[in-house]
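> Its first residue numbered 304, the first sequence is counted upward by one per residue in the numbering used here.
Since the hints were derived computationally from the structure, they do not count as laboratory data. Note that the structure is a prediction, hence the values are computed from the model and not measured. Some hints here could point you the wrong way.
If you anchor each label on the Cβ, the simulated ranges turn out as follows [claimed, not checked]:
#1 K479 <-> K408: 18 to 26 Å
#2 E869 <-> N315: 26 to 34 Å
#3 S401 <-> K479: 17 to 25 Å
#4 R591 <-> E404: 31 to 39 Å
#5 G543 <-> K630: 35 to 43 Å
#6 E436 <-> K630: 20 to 28 Å
#7 E424 <-> L529: 21 to 29 Å
#8 G748 <-> R694: 19 to 27 Å
#9 K736 <-> G688: 53 to 61 Å
#10 Y384 <-> S880: 51 to 59 Å
Beta carbons are placed, not taken as given, at the ideal position from N, Cα and C, and that holds for glycine.
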Amino acid sequence: MKNLEIADLFYNIAEILEIKEENPFRVRSYRKVGQVLETLTEDVFKIYERGCLAALQEIPGVGEAIARKIEEILKTGRLEYYEKLKTSVPPGLVALLSIPEIGPKTARLLYDRLKITSIEELEKAIKEHKVRELPGMGAKTEDNILRGIDLLRRRKERLPLGVAQPIAQGIIEALKVLPEAEQVIYAGSLRRMKETVGDIDILVSSTKPEAVMDAFTTLPQITEVLSKGKTKSSVIAEKGTQIDVRVVEPQSFGAAIQYFTGSKEHNIKLRELAIHKELKINEYGVFRVKTGEKIAGRTEEEVYSVLDLPWVPPELREDRGEIEAAKANRLPILIEISDIKGDLHVHTNWSDGTHTITEMVERAERKGYQYLAITDHSYSLRIAGGLSEERLKEQIREIGKLNEKIDKFEILSGIEVDIKRDGSLDYSDDLLKQLDIVIAAIHSGFKMDMEAMTLRIIKAMRNKYVNIIAHPTGRIIGERDPYQVDIEQQIMAAAETGTFLEINAFPDRLDLKDIHAQTAKEKGVLLCLGTDAHNIMHLDLMFYGVATARRGWLERKDLLNTLPVEKLMEKLRQKRS
DNA sequence: GCCGTTTTCGGCCCGACTGTTTTCAGTCG
Numbered sequence: 304m305k306n307l308e309i310a311d312l313f314y315n316i317a318e319i320l321e322i323k324e325e326n327p328f329r330v331r332s333y334r335k336v337g338q339v340l341e342t343l344t345e346d347v348f349k350i351y352e353r354g355c356l357a358a359l360q361e362i363p364g365v366g367e368a369i370a371r372k373i374e375e376i377l378k379t380g381r382l383e384y385y386e387k388l389k390t391s392v393p394p395g396l397v398a399l400l401s402i403p404e405i406g407p408k409t410a411r412l413l414y415d416r417l418k419i420t421s422i423e424e425l426e427k428a429i430k431e432h433k434v435r436e437l438p439g440m441g442a443k444t445e446d447n448i449l450r451g452i453d454l455l456r457r458r459k460e461r462l463p464l465g466v467a468q469p470i471a472q473g474i475i476e477a478l479k480v481l482p483e484a485e486q487v488i489y490a491g492s493l494r495r496m497k498e499t500v501g502d503i504d505i506l507v508s509s510t511k512p513e514a515v516m517d518a519f520t521t522l523p524q525i526t527e528v529l530s531k532g533k534t535k536s537s538v539i540a541e542k543g544t545q546i547d548v549r550v551v552e553p554q555s556f557g558a559a560i561q562y563f564t565g566s567k568e569h570n571i572k573l574r575e576l577a578i579h580k581e582l583k584i585n586e587y588g589v590f591r592v593k594t595g596e597k598i599a600g601r602t603e604e605e606v607y608s609v610l611d612l613p614w615v616p617p618e619l620r621e622d623r624g625e626i627e628a629a630k631a632n633r634l635p636i637l638i639e640i641s642d643i644k645g646d647l648h649v650h651t652n653w654s655d656g657t658h659t660i661t662e663m664v665e666r667a668e669r670k671g672y673q674y675l676a677i678t679d680h681s682y683s684l685r686i687a688g689g690l691s692e693e694r695l696k697e698q699i700r701e702i703g704k705l706n707e708k709i710d711k712f713e714i715l716s717g718i719e720v721d722i723k724r725d726g727s728l729d730y731s732d733d734l735l736k737q738l739d740i741v742i743a744a745i746h747s748g749f750k751m752d753m754e755a756m757t758l759r760i761i762k763a764m765r766n767k768y769v770n771i772i773a774h775p776t777g778r779i780i781g782e783r784d785p786y787q788v789d790i791e792q793q794i795m796a797a798a799e800t801g802t803f804l805e806i807n808a809f810p811d812r813l814d815l816k817d818i819h820a821q822t823a824k825e826k827g828v829l830l831c832l833g834t835d836a837h838n839i840m841h842l843d844l845m846f847y848g849v850a851t852a853r854r855g856w857l858e859r860k861d862l863l864n865t866l867p868v869e870k871l872m873e874k875l876r877q878k879r880s
């Protein structure tokens, strides 16, 4: 079983235990292990091979009991404990938990009293008004559960960051004009720049919260109000997106941003730290337990500071070692958008882009870049107007002429060359040699098995003219899974051959993803950012690439295109010599 | 079930909203 499957298994255990009203901390332990396994870059099996149970117990949240369970899963492909546990609860009952409004207590009650074991049976019981007869239930609860079922059925996948961010921005603009609203900001996974966002959290500081709530719940883009209180409301807006708005007093704004930015795991760790210092953290501030005195809350920096920690950038707040790093004063100095000196993956109307080389260059200059790599598609990709050898030579000459005309800016002639099924490239080495930069990528034959795909890419890396592998796993978020490729081997091969790996900044891709970028950095691989722009507006997508790099703990030195042009050219030529 | 600059045992994050209650339990984030 793979990491994600094992994680799912532990999640299931947690849910069943919850229905059985087991010790909630035990439930949390299983859930925690699920979360950790999901974000682990190394295969659990490899960890186990390396050092058996002891190595497994190095994984945070894994103790002796769970290590033994993982061992059993790896050895036998199943877990006896889980198989037994499953039989103790009707299978449909766990599914009820996925309905918003229904938690373990309600699920249990529905089963004990009405023998309900599926969503369909629950619907039927509600229509017969049987649920309202149960203790603690009423007509309104029945309505809410029905609405929950409806919500579940039309619930969308998590939104890609590139979709959620503009929606949030729109709401923020609308709230900012309110005279009652002082500061407005998005928090949650959006502020942490996670690649997908479940719902949008917005935070407002105001001394008149009710006025803000009234205005928010009546905005034109809102289609449904789920709940509305004095300081907190939830609504459904464009594309079925849930938006939660929370209002706090200005003197608590910092504590509230910290609290609502999360992640949950990060915050739990912080609060545990606070307890050791006899402090209590909530969304209103940091308080002394004994006296109730408030000692921080206006800014986020204050909150971290009273815990003797430096401020932690939101992109790092995933409980993946950032608190330990902060304690030791070893937080990375994350790359900023202003560190980016140029875009290294750009298409023009020579292939499937919409704008000319000149138009792209002008836009890049206006963004303050020092260089731009023109990397149109290669011949195999006919559908995208891939360049023939002749056309590419022509483009090289054209770029040469343009470079003579401009000052203080360098246009790099490049290509996004297709890696063919056998790992060979679309053009001869003689032609590749004439380019400043060669990006290699896979655009066809996605369905190869892992071994073949990995070899295919590694073979391309061994070509001394290939500088960069573009979108190394080929995923399209929410649409296409990554191709089967051994990412660890790919990273090792990149280190060995002096090839760079791209973080494709296009928000549907973000490929490499955060945790893989981090692994690459740790293995000494240099990464580079490219927007894959097909028009001038796309050059602005660099924002999302930088966010992904930051989530991967990358610093300026870890990225190719933070270098000034001379150093960049030097790096690009290194592999050839 | 995990974990340790209080601890190898006894803790384990915190509050808003809702609906059903007459003071609170359940759910959610």
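> It remains to establish, for every hint, whether it holds in the given structure.
Evaluation of the provided hints:
Distance hint for K479 and K408: a CB-CB separation of about 40 Å, inconsistent with the stated range 18 to 26 Å. At roughly 56 Å, the beta-carbon separation of E869 and N315 lies outside the given 26 to 34 Å, and the hint is violated. Judged by the Cβ atoms, the range 17 to 25 Å given for S401 and K479 is violated: they are separated by roughly 36 Å. Roughly 37 Å separates the CB atoms of R591 and E404, a value that falls within the hinted 31 to 39 Å.
G543 and K630 have their C-beta atoms about 41 Å apart, which keeps the hinted 35 to 43 Å range intact. About 54 Å separates the C-beta atoms of E436 and K630, a value inconsistent with the hinted range of 20 to 28 Å. Under the hint 21 to 29 Å, the C-beta atoms of E424 and L529, about 25 Å apart, fit the expected range. Evaluation of the 19 to 27 Å hint for G748 and R694 yields a pass: the beta carbon distance comes to about 24 Å.
K736 and G688 have their C-beta atoms about 23 Å apart, which leaves the hinted 53 to 61 Å range violated. Between Y384 and S880, the C-beta spacing of about 58 Å keeps the proposed range 51 to 59 Å intact.
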